[in-house]
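There are 2 protein chains.
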Amino acid sequence: MSDRAVFAWVIDGLNRRLAEPSGDPKQRRVYNALRAWIVSGELMPDMRLPSSRLLARETDMGRNTALGAIDQLVAEGFLVAREGAGVYVTAVGFAGLSDTPNAPTSDRLSQRGRAVLAVSPDDAVTHPAFTLGMPALDRFPEARWRRVVRRHQRPGAQQALHYRTHGGHPDLKAAIADYVRLARGVVCQADQILITHGTQQGLGLVATLLADGGDSAWIEDPGYLGARAAFQAADLRLIPVPVDDDGLDGSAVASAHPAPRLIYTTPSNQYPRGVTLALKRRLALLETARQHEAWIVEDDYDSELRYVSSPLACLQGLAGGAPVIYLGTFSKTLFPALQLGYIVVPRALISRFRRANARLFREEDPALQAALADFMNSGEFAAHIRKMRRCYRRRQAALREALAPATNAGLRLSSGAAGLHLVAYLDSIAQETRLVDEGAAVGVSLARLSTYFIGGRTEPGLVLGYAGADEAEIARPGGWLARAWRASQDDGS
Amino acid sequence: MSDRAVFAWVIDGLNRRLAEPSGDPKQRRVYNALRAWIVSGELMPDMRLPSSRLLARETDMGRNTALGAIDQLVAEGFLVAREGAGVYVTAVGFAGLSDTPNAPTSDRLSQRGRAVLAVSPDDAVTHPAFTLGMPALDRFPEARWRRVVRRHQRPGAQQALHYRTHGGHPDLKAAIADYVRLARGVVCQADQILITHGTQQGLGLVATLLADGGDSAWIEDPGYLGARAAFQAADLRLIPVPVDDDGLDGSAVASAHPAPRLIYTTPSNQYPRGVTLALKRRLALLETARQHEAWIVEDDYDSELRYVSSPLACLQGLAGGAPVIYLGTFSKTLFPALQLGYIVVPRALISRFRRANARLFREEDPALQAALADFMNSGEFAAHIRKMRRCYRRRQAALREALAPATNAGLRLSSGAAGLHLVAYLDSIAQETRLVDEGAAVGVSLARLSTYFIGGRTEPGLVLGYAGADEAEIARPGGWLARAWRASQDDGS
Numbered sequence: 000m001s002d003r004a005v006f007a008w009v010i011d012g013l014n015r016r017l018a019e020p021s022g023d024p025k026q027r028r029v030y031n032a033l034r035a036w037i038v039s040g041e042l043m044p045d046m047r048l049p050s051s052r053l054l055a056r057e058t059d060m061g062r063n064t065a066l067g068a069i070d071q072l073v074a075e076g077f078l079v080a081r082e083g084a085g086v087y088v089t090a091v092g093f094a095g096l097s098d099t100p101n102a103p104t105s106d107r108l109s110q111r112g113r114a115v116l117a118v119s120p121d122d123a124v125t126h127p128a129f130t131l132g133m134p135a136l137d138r139f140p141e142a143r144w145r146r147v148v149r150r151h152q153r154p155g156a157q158q159a160l161h162y163r164t165h166g167g168h169p170d171l172k173a174a175i176a177d178y179v180r181l182a183r184g185v186v187c188q189a190d191q192i193l194i195t196h197g198t199q200q201g202l203g204l205v206a207t208l209l210a211d212g213g214d215s216a217w218i219e220d221p222g223y224l225g226a227r228a229a230f231q232a233a234d235l236r237l238i239p240v241p242v243d244d245d246g247l248d249g250s251a252v253a254s255a256h257p258a259p260r261l262i263y264t265t266p267s268n269q270y271p272r273g274v275t276l277a278l279k280r281r282l283a284l285l286e287t288a289r290q291h292e293a294w295i296v297e298d299d300y301d302s303e304l305r306y307v308s309s310p311l312a313c314l315q316g317l318a319g320g321a322p323v324i325y326l327g328t329f330s331k332t333l334f335p336a337l338q339l340g341y342i343v344v345p346r347a348l349i350s351r352f353r354r355a356n357a358r359l360f361r362e363e364d365p366a367l368q369a370a371l372a373d374f375m376n377s378g379e380f381a382a383h384i385r386k387m388r389r390c391y392r393r394r395q396a397a398l399r400e401a402l403a404p405a406t407n408a409g410l411r412l413s414s415g416a417a418g419l420h421l422v423a424y425l426d427s428i429a430q431e432t433r434l435v436d437e438g439a440a441v442g443v444s445l446a447r448l449s450t451y452f453i454g455g456r457t458e459p460g461l462v463l464g465y466a467g468a469d470e471a472e473i474a475r476p477g478g479w480l481a482r483a484w485r486a487s488q489d490d491g492s
Numbered sequence: 000m001s002d003r004a005v006f007a008w009v010i011d012g013l014n015r016r017l018a019e020p021s022g023d024p025k026q027r028r029v030y031n032a033l034r035a036w037i038v039s040g041e042l043m044p045d046m047r048l049p050s051s052r053l054l055a056r057e058t059d060m061g062r063n064t065a066l067g068a069i070d071q072l073v074a075e076g077f078l079v080a081r082e083g084a085g086v087y088v089t090a091v092g093f094a095g096l097s098d099t100p101n102a103p104t105s106d107r108l109s110q111r112g113r114a115v116l117a118v119s120p121d122d123a124v125t126h127p128a129f130t131l132g133m134p135a136l137d138r139f140p141e142a143r144w145r146r147v148v149r150r151h152q153r154p155g156a157q158q159a160l161h162y163r164t165h166g167g168h169p170d171l172k173a174a175i176a177d178y179v180r181l182a183r184g185v186v187c188q189a190d191q192i193l194i195t196h197g198t199q200q201g202l203g204l205v206a207t208l209l210a211d212g213g214d215s216a217w218i219e220d221p222g223y224l225g226a227r228a229a230f231q232a233a234d235l236r237l238i239p240v241p242v243d244d245d246g247l248d249g250s251a252v253a254s255a256h257p258a259p260r261l262i263y264t265t266p267s268n269q270y271p272r273g274v275t276l277a278l279k280r281r282l283a284l285l286e287t288a289r290q291h292e293a294w295i296v297e298d299d300y301d302s303e304l305r306y307v308s309s310p311l312a313c314l315q316g317l318a319g320g321a322p323v324i325y326l327g328t329f330s331k332t333l334f335p336a337l338q339l340g341y342i343v344v345p346r347a348l349i350s351r352f353r354r355a356n357a358r359l360f361r362e363e364d365p366a367l368q369a370a371l372a373d374f375m376n377s378g379e380f381a382a383h384i385r386k387m388r389r390c391y392r393r394r395q396a397a398l399r400e401a402l403a404p405a406t407n408a409g410l411r412l413s414s415g416a417a418g419l420h421l422v423a424y425l426d427s428i429a430q431e432t433r434l435v436d437e438g439a440a441v442g443v444s445l446a447r448l449s450t451y452f453i454g455g456r457t458e459p460g461l462v463l464g465y466a467g468a469d470e471a472e473i474a475r476p477g478g479w480l481a482r483a484w485r486a487s488q489d490d491g492s
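Residue numbers (numbering that gives the first Met the number 0), protein chains in the order written: chain A, 0 to 492; chain B, 0 to 492.
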């Protein structure tokens, strides 16, 4: 093709493109058209392009528009400018590129990615009844909270806008240290607190820094799926530890090889069974950890929400210098989307945790942290927790009342001494499946207890969140469940 | 010891404790004292405690205080209540617990933890001159930004407070999709955007989901330390790929085994060398990725800040269905502490990325995301970028001017076509060390180019951030550096 034929083809094509309706700037459209023709092979290597002057004269665009588009293509290597001789299509061949499929050839995930996905449901909340991990958002003092947050959204020192490696805002670290010391019996100073983007990030950090891929981690069975996902993402070998009425029973896996590097536990309110780790087991667990130089990862996710006696002191504070990393969160006491949590790290490790956290995850918004410190120091946080304890006691009672026709007929519930849910124990997986399916059919979303098990052993049941729905909202689905359970008993399924 | 002797000992001890000044509530102090005596063995298994009535009469506390402390210790298993016979110390032995060291026996990190730590400096910013990754925070329209954020801090739908698996706020995803399509040539729709807690989280997610521990990842050498840390945390085997003036040169490692699963690159503005990946190399890289079913991880961290020609189109958009995960961030265009980034994921993978991200990291604050969407849609974001391009061009010029005495004498600088820093190439590691040490002595913090290398090869130089300090602030340290460099040349070191 002669230069003139190419010029005519390009000018004709651009005129047609520019006549089409589009929201994009003209220069972008010229650039896109030329690039597409080069990549598709319609404009071939070494073909000469019309000059910007000619383009401007023969099409509806200014000289600068033409120049801008051509310069960009030269800068990106699609065109080459030859001194005094015009602009040419680059000699690079785009063969193969034009007929690429519209999706990558491979969409497979890694093995650990698939393991994580297996415990990553699509949590579409449709109705607050029975939703897990959902506090009473309808009772959250949102207006007051937003006011505190707004108050801290004021231009401050520029440093607040930069990356930092402080482990968190000093005011928030101090407020949390005071709180966990007094309310949770944690032995720590403010400099041992590391503010995280919620518990999940804290678990990821602990798993990465304290264990290598292939190392063993004891994990409660049944247990919290988020911990399972974090450990699987970190390539740990999960050793399921059975949980009975006294919490996890380490003696059942004491001879498992290799020895654990991490031991994950929820001692104050085991998730999901709601039992407490007995003192004897706590001492044994500390001893096991010491013996193997393992770390206990204590996830104290909602223990302030206890309805029988005061909250139980944590494992971390049971012995001086216990090999425990303690994790706390505001997701249950305030609201999940806040996404602020904290870990308490022994002093020997804290500066390394701080640096690695800043490297791998960066630190949290200082203004938000300052607002939360304010909310804690003003007493609003403690007041909210007290209020929520009363609220959840009432909501749990409402669920129990709704389920009374079933419990009177033998349905067994967990103690409900703490937390945001009850477990209803069933007779068989068939019964569990039947109730979940029937629930789905009437718009009641039910969580299976059996999915929280990781070893071979499993128990049928339902995990029923009661905190997110008020007394009126829980009555209908609760009543439905009682009837459905009785029907399933009568049918012997 | 008789019961009466124990009673007297306890009452005496408590009276002494209660007489000491303390900010803690009385019940907490009684609880702490009793617990400590039990754990230390001063109160031994099966010893009987004085009744709450006796305690209240003989000490300065009310009956409820005594009851509360005792109930708590019973709930936690330290005391046992025997029906009608009083309260006794539990039979659990605490031997070994009392003389535990005050720190865990082991403070060792995992191998990968140590690898991450090696690239996790303590980034204490002392002076803005030469600081890396620091945009012009002094020019950020912070008052206007805070106003937008405050406007979105209004009580909204309760759902905004709960966990979600949407991949981000729909308004922000739409605004980003529009922006990257137009400004960066990314081929995507809004549903392919996943909002992350900054680039680091995005890198962690990609490494976890698309590669398994031990898989190979190509990484630019020299290259971005954050990517190196993220991949090391994910246990990937790093294959350093040399970077020349045309960007990373995959042909240099084409025969490395095993084949890569991930290929990390910063094609628009290679970090830290500041070169552009040539078109030929881009095509070759796409071909390599296809051949090995590997994923290219395109980190487009600051390419909108380009001072010569328009920003270069990204690799992701070069071919339809390219096997590319594209990462962007607002850390450089707005401010680092904002901690919002995004990844663009092929449609075949996006729902799995969304679910895994929600499981492993949870989603970002919806109010903050809505505020950012607002900031983008109002045009303030684009206006700020335009303004910053002019600002950084001036600041880079100021640095070049301050360094002129050195560059005129042969100091070689990188092109500075884009980004927030210049590289000054040196003659030897000895010279690099000398300048860094001399800088530290006069309070000028200098980053070594050699630390960005991972393979055997290394190059001496300094990586000089120029964006964070204004023209006046850069003059003195810049002038100092020019003199120090000349002195080091004269000394032949």
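Just to be clear, a hint being listed does not mean it is correct.
Pairs count within a copy or across copies, as identical chains cannot be separated in the list.
The calculated EDC-like cross-link candidates involving lysine to aspartate or glutamate, where the alpha carbons are at most 20 Å apart (straight line), are [to be verified]:
1) 279 to 45
2) 25 to 177
3) 386 to 137
4) 279 to 19
5) 279 to 248
6) 25 to 243
7) 279 to 245
8) 279 to 70
9) 25 to 245
10) 25 to 11
11) 386 to 11
12) 25 to 426
13) 386 to 141
The set of hints was computed from the structure by calculation and includes no laboratory data.
Against the structure, the hints:
For a Cα distance limit of 20 Å, the shortest separation of residue 279 from residue 45 across copies, 15 Å, qualifies, whereas the shortest one inside one copy, 82 Å, does not. In this assembly of identical chains, residue 25 and residue 177 lie within 20 Å of each other by CA distance solely across copies; the values are 16 Å between and 61 Å within a copy. When the C-alpha separation of residue 386 and residue 137 is checked against a cutoff of 20 Å, the pair qualifies only within one copy, where the shortest distance is 13 Å, while the shortest distance between copies is 44 Å. Neither within a single protomer nor between protomers do residue 279 and residue 19 lie at most 20 Å apart by alpha-carbon distance, with minima of 78 Å and 32 Å respectively.
Within a single copy, residue 279 and residue 248 get their C-alpha atoms as close as 10 Å, which meets the 20 Å cut-off; across copies the closest is 61 Å, which misses it. In this assembly of identical chains, the alpha carbons of residue 25 and residue 243 never lie at most 20 Å apart, being 70 Å within a copy and 35 Å across copies at closest. Taking the shortest Cα distances, residue 279 and residue 245 sit within 20 Å of each other inside one copy (9 Å), while across copies they are farther apart (65 Å). Taking identical chains as interchangeable, the C-alpha atoms of residue 279 and residue 70 lie at most 20 Å apart only when they sit on different chains, with a minimum of 18 Å there against 75 Å within one chain.
Taking the closest pair of Cα atoms, residue 25 and residue 245 never come within 20 Å of each other, the shortest separation being 71 Å inside a single copy and 30 Å across copies. In this assembly of identical chains, the alpha carbons of residue 25 and residue 11 lie at most 20 Å apart only when taken from the same copy (16 Å versus 89 Å across copies). Taking the shortest Cα distances, residue 386 and residue 11 never come within 20 Å of each other, neither inside one copy (73 Å) nor across copies (37 Å). Taking the closest pair of Cα atoms, residue 25 and residue 426 never come within 20 Å of each other, the shortest separation being 69 Å inside a single copy and 47 Å across copies.
Only within a single protomer do residue 386 and residue 141 lie at most 20 Å apart by alpha-carbon distance; the minimum there is 14 Å, versus 37 Å between protomers.
Hint violations for this structure: numbers 4, 6, 9, 11, 12, all remaining hints satisfied.
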